[in-house]
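> Under the UniProt record's numbering, read the sequence shown as residues 1 to 101, first letter to last.
It is worth saying that the hints were derived from the structure and are not from the lab.
Model, not experiment: these values are computed from the prediction.
Ideal Cβ positions, reconstructed from N, Cα and C, are used throughout, including at glycine.
Do not take every clue at face value.
[Stated by the list, open to error] Label pairs and their computed distance ranges (CB to CB):
no.	residue 1	residue 2	range
1	V37	L59	37 to 45 Å
2	V91	A52	46 to 54 Å
3	E97	E36	49 to 57 Å
4	H92	R48	47 to 55 Å
5	D96	T51	50 to 58 Å
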Amino acid sequence: MSGGDGNITEEKPMSDAGSSNSSNENSDDSESSDEEVKVELMVNARARRSTAGNKMSALIESTTLEDEFYKSAYGGGFNEDDTDDVFESPVHSDVDEVDSD
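All chains should be built: construct the whole structure from the sequences, respecting the hints.
Following this line, the structure appears as structure tokens:
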């Protein structure tokens, strides 16, 4: 349904209402279902909105404020340190132990 060129194409679903038609009409339906129907999507055709991206600077500013909060809160305990890399998980055996109690 998605072409390599970034355009999305959609296929029409076949209706069940025509299932009792004669064999001549069924052959026409099978020929038309083999063809790919291209539908132009509104997102590709419409003009860019004049307000697009207006709130992005406010969002970036709020994430900067959150970062500043976590640097100062709780004595800076949320900061990334070089000592964070020292932590190693406990060694587990390769055999799964199941407790069925």
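> None of the hints should be skipped; say for each whether it holds.
For each hint, the structure was consulted:
As the Cβ distance of V37 to L59 is approximately 39 Å, the hint placing it in 37 to 45 Å holds. Roughly 52 Å separates the CB atoms of V91 and A52, a value that falls within the hinted 46 to 54 Å. The hint said 49 to 57 Å for the Cβ distance between E97 and E36, and at roughly 55 Å that hint holds. The supplied range of 47 to 55 Å is met by H92 and R48, whose beta-carbon atoms lie about 54 Å from each other.
Distance hint check: the CB atoms of D96 and T51 are about 56 Å apart, consistent with the given range 50 to 58 Å.
The structure meets every hint from the earlier list without exception.
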